[in-house]
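Using the sequences and the hints given, assemble the complete structure.
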Amino acid sequence: MGRAKVLCQPLAATTPASVTVSEEAVQEMASDPRTGPTSPTSPTSTTSPTSTTSTTSTTSPLRWLFFGCGAVGGYFGARLAQKKQKVSFMVRKETLRVLSGDGVRVRSICGDVHIPRKDLDQVMNTEALDKESKFEADVIVLACKAWEVERCLKMCQPWCGANTLVLPLQNGVDAFGTVRSIVTSWGKGRPLVGWCNIVAAIQEPGLIKHWAANPPCIYCGEFEGAPTSRTKQMESVLASCEGMAVSLEHDALSKCWEKFSFICSTTAVQATAGPSATQDLIPQVPELEQMWRSAMGEIIAIAKKSGIDYQQSWMEKRIPVLRDAIGATTSCSRDLWAGRHSELEDLLGSVHRMGQEKGVPTPVISTCLRALTVRDQLARRATTLPIYPMLEGQKILGTICNHQGQQLPADRTLAQKKAEEYLRPEWYVCPMTSAIATGGQCEVPEGVQMLWEAELGVVISHSCESLSPHEALDYVGGYCMVLDLTGGNLGFESMKYGHSWTRNKCQNTFKPVGAFIPASVLPKPESSRIICRVNGKTVAEDEISKMKFTIAQQVADASELTPLRRGDILLTGAGSLGPLAIGDVVEGSIEGLDAKYTVSATLAGEVPKCSPAPLAPPVKSGDAAAGRESVNGCYMSFTVPVRRKSWLHPNQTYAVKHAEKIRRQGAVAAAAVAAGSAALPAWAYDPQMTDAQILLARIPGGKRTQELGLVIPMAEEDGLTDGQVAGLFLIALVVFISAIDLAKTMYNGINPAKFKTSKGKGYISPLVKRYIENGY
31 MGRAKVLCQP LAATTPASVT VSEEAVQEMA SDPRTGPTSP TSPTSTTSPT STTSTTSTTS
91 PLRWLFFGCG AVGGYFGARL AQKKQKVSFM VRKETLRVLS GDGVRVRSIC GDVHIPRKDL
151 DQVMNTEALD KESKFEADVI VLACKAWEVE RCLKMCQPWC GANTLVLPLQ NGVDAFGTVR
211 SIVTSWGKGR PLVGWCNIVA AIQEPGLIKH WAANPPCIYC GEFEGAPTSR TKQMESVLAS
271 CEGMAVSLEH DALSKCWEKF SFICSTTAVQ ATAGPSATQD LIPQVPELEQ MWRSAMGEII
331 AIAKKSGIDY QQSWMEKRIP VLRDAIGATT SCSRDLWAGR HSELEDLLGS VHRMGQEKGV
391 PTPVISTCLR ALTVRDQLAR RATTLPIYPM LEGQKILGTI CNHQGQQLPA DRTLAQKKAE
451 EYLRPEWYVC PMTSAIATGG QCEVPEGVQM LWEAELGVVI SHSCESLSPH EALDYVGGYC
511 MVLDLTGGNL GFESMKYGHS WTRNKCQNTF KPVGAFIPAS VLPKPESSRI ICRVNGKTVA
571 EDEISKMKFT IAQQVADASE LTPLRRGDIL LTGAGSLGPL AIGDVVEGSI EGLDAKYTVS
631 ATLAGEVPKC SPAPLAPPVK SGDAAAGRES VNGCYMSFTV PVRRKSWLHP NQTYAVKHAE
691 KIRRQGAVAA AAVAAGSAAL PAWAYDPQMT DAQILLARIP GGKRTQELGL VIPMAEEDGL
751 TDGQVAGLFL IALVVFISAI DLAKTMYNGI NPAKFKTSKG KGYISPLVKR YIENGY
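Remember, the numbering used here sits 30 above the position in the sequence shown when you count from 1.
A couple of the hints might just be wrong.
[To be verified] With a straight-line Cα cutoff of 27 Å, these simulated BS3-like cross-link-like pairs (lysine-lysine) come out:
1. LYS262 - LYS184
2. LYS113 - LYS239
3. LYS123 - LYS239
4. LYS148 - LYS164
5. LYS218 - LYS262
6. LYS567 - LYS626
7. LYS335 - LYS239
8. LYS164 - LYS239
9. LYS239 - LYS114
10. LYS164 - LYS113
11. LYS164 - LYS116
12. LYS123 - LYS161
13. LYS148 - LYS161
14. LYS218 - LYS334
15. LYS184 - LYS116
16. LYS114 - LYS262
17. LYS113 - LYS148
18. LYS262 - LYS335
19. LYS116 - LYS335
20. LYS161 - LYS239
21. LYS114 - LYS161
22. LYS239 - LYS218
23. LYS164 - LYS184
24. LYS239 - LYS148
Quick caveat, the hints were computed from the structure, so don't treat them as lab data.
And the structure:
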């Protein structure tokens with residue numbers, strides 16, 4: 031499908047062009063770069079948006095045809111139907127099935143709404159439009175993606191009459207020539223300039239979640255001249271709807287280019303830098319802001335060359351908009367990260383092409399486009415590359431009892447089910463971070479009896495969800511061998527009460543993964559045999575054909591359970607399992623395949639206990655008993671606010687994970703292990719300090735904040751003077767600060783130098799005592 035030429039002319043030109051931009055970003059709530067700040071609850075506009083929810087119309091309702099019921103079409107269509115307008119949808123068969131039953135549902139910060147099927151006009155299947163009844167729509171709303179405009183608009187032709195308005199709501203400026211030329215060629219209908227501002231997503235077919243941009247707004251205008259009475263009528267109806275606003279623009283082209291430059295440059299920076307580069311972060315990182323400004327400058331230069339009156343001050347007014355858009359990302363960025371079809375070509379691609387046509391250099395935009403093209407091509411299946419599950423995948427989904435005749439031990443399950451009794455696959459979800467590459471070591475926790483299982487892993491090639499078995503295999507990129515190592519005596523007891531398989535299946539290193547096997551190498555996996563060997567001896571030969579659920583059925587069911595991403599692995603189960611011992615080497619292979627596809631792992635020794643440095647006898651002070659205040663029953667403690675787990679020192683993370691193992695090793699020893707340091711005074715290793723423990727707990731009501739607390743019970747018989755107790759507190763404090771480099775966060779205005787003790791008196795200063803009694 032060829033791309034229409036971009037017509038970038040001002041409104042006064044003799045051959046005006048259609049413009050479409052849909053902006054799904056929080057930043058539009060804050061201000062309009064040309065008019066200055068507005069209310070946070072009002073969208074921006076050259077002319078103030080109209081939202082008159084109390085308006086009642088005595089005229090007949092308009093007939094609206096929405097192509098698409100996604101985040102944009104579903105939301106605005108539901109709001110119109112809520113106002114008793116006659117709303118019809120053209121949707122795919124999956125969405126058709128939902129709308130025909132439950133209608134459209136919206137969960138919104140502007141108020142939830144449910145439009146049952148009986149309150150909708152027509153719901154049409156895009157694959158069978160020739161069978162649908164025709165009517166003349168008053169407004170056709172294109173709520174599809176920018177790359178779909180030409181195909182979708184042509185499908186709407188039978189519903190376009192002489193007075194029908196065609197309102198596009200896409201991102202980008204690359205599709206407006208297509209819209210205008212197609213509608214003009216029909217000899218009927220009137221295309222409009224249109225875009226929208228909404229932050230929403232499809233939670234599931236027929237259910238739209240809207241969480242920012244309050245209220246969402248539709249911007250529209252004529253290509254040239256004043257608004258017609260027909261356009262004003264449409265604006266009036268939109269303005270009467272609850273939970274949305276409308277703005278009829280008199281300088282639509284300039285407004286559209288201003289917003290396009292912002293959303294395109296922001297997408298370039300975000301999509302390239304990654305999910306952590308939220309919009310509020312861009313002005314906080316000089317390198318990102320410079321990249322964003324350069325990208326904006328390139329688009330502004332193209333706009334000016336195209337006759338657009340772009341004012342330089344507009345860009346500066348976008349900086350506070352970025353700062354206020356906390357956690358916001360563009361829809362194109364999210365699609366690229368998730369491996370879905372994106373509007374990359376309609377945003378960055380259009381800038382690159384227009385720059386070449388106008389002779390405007392676009393080094394930043396073009397470089398970002400090249401860097402992101404592979405992601406986009408993979409999503410569109412325009413290229414085929416090997417899949418690296420441990421780098422690209424997010425999770426491993428394992429099945430339970432998927433082989434015919436397989437049964438879990440009767441004394442370990444609540445229902446004592448056989449595989450034949452399952453009506454659908456039973457899944458557990460393991461994060462990819464628990465997987466290791468073939469040839470690695472499985473770290474066996476102390477006292478755990480391990481079991482072997484060798485299984486075929488199905489590797490997903492493209493993002494997908496809610497697939498049917500018929501289309502499921504189209505999303506299988508290949509396979510890999512996986513050792514599904516299991517802690518045989520972990521968690522089974524709790525499973526009697528319906529608990530999960532996480533503890534015995536998903537621990538770190540329990541999932542060794544073999545090399546990627548392209549689908550072309552294994553065209554008929556169902557006819558293959560899996561071989562498992564322990565120390566070179568064959569212990570199992572399982573036929574994949576004996577699976578209860580086929581690969582297609584498993585992929586379809588898993589995609590209904592959770593969205594699948596490129597590189598995710600689905601384990602198909604095993605027909606056998608058996609015991610392992612420390613030092614055993616386990617291998618899993620497919621009979622007849624090259625040895626490079628074999629997966630192997632060695633069971634490493636039990637994870638050792640955390641032992642402190644050699645203990646030294648405590649140093650006794652002559653005045654230990656005289657001036658000592660009893661702290662019996664009190665606790666000396668401090669906490670470290672940790673805002674990101676990645677800031678934790680690796681040894682500290684290890685200490686937290688194995689808190690029970692180091693519980694009796696002594697408070698300072700625990701601190702030393704956690705900090706990766708043992709350079710402490712000899713007296714600090716008093717063996718009588720017994721009940722130290724490291725606690726990792728969530729602060730009630732905290733926002734992404736965790737509390738790492740070292741709690742040290744102190745008593746008279748510990749054999750330490752009060753001065754040594756206070757000193758111990760200071761040492762542990764300093765050790766932790768140096769370990770995790772969070773001094774500013776940790777102190778929070780408290781000067782540790784104030785933790786002083788009186789010389790030679792074994793006395794705790796009032797400040798230290800206050801913190802001992804009340805906690806840090």
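Satisfaction of hint between LYS184 and LYS262, Cα-Cα up to 27 Å: Holds: LYS262 and LYS184 sit about 25 Å apart, inside 27 Å.
Pair hint LYS164 and LYS239, alpha-carbon separation not exceeding 27 Å: violated (31 Å)
Distance restraint between LYS262 and LYS335, which requires alpha-carbon spacing of 27 Å or less: Measuring from Cα to Cα gives roughly 32 Å; hence the hint is violated.
Restraint status (C-alpha distance of LYS161 to LYS239 at most 27 Å): violated (32 Å)
Given hint LYS148 paired with LYS239 - CA-CA distance at most 27 Å: Holds. LYS239 to LYS148 sits at ~22 Å (cutoff 27 Å).
27 Å limit on alpha-carbon distance, applied to hinted pair LYS116 and LYS335: violated (43 Å)
Pair hint outcome, LYS218 versus LYS334 [Cα-Cα no greater than 27 Å]: Measuring from Cα to Cα gives roughly 33 Å; hence the hint is violated.
27 Å limit on alpha-carbon distance, applied to hinted pair LYS148 and LYS164: Distance of about 19 Å is within 27 Å: holds.
Hinted pair LYS239 and LYS114, Cα distance within 27 Å: Measuring from Cα to Cα gives roughly 22 Å; hence the hint holds.
Pairwise hint evaluation, LYS239 against LYS113, where the allowed Cα distance is 27 Å at most: It holds: about 19 Å lies between the C-alpha atoms, which stays within 27 Å.
Satisfaction of hint between LYS116 and LYS164, Cα-Cα up to 27 Å: holds (14 Å)
Holds or violated: LYS184 to LYS116, with C-alpha atoms at most 27 Å apart: holds (22 Å)
The structure does not agree with the numbered hints 7, 8, 14, 18, 19, 20 and 22 stated previously, though it agrees with the rest.
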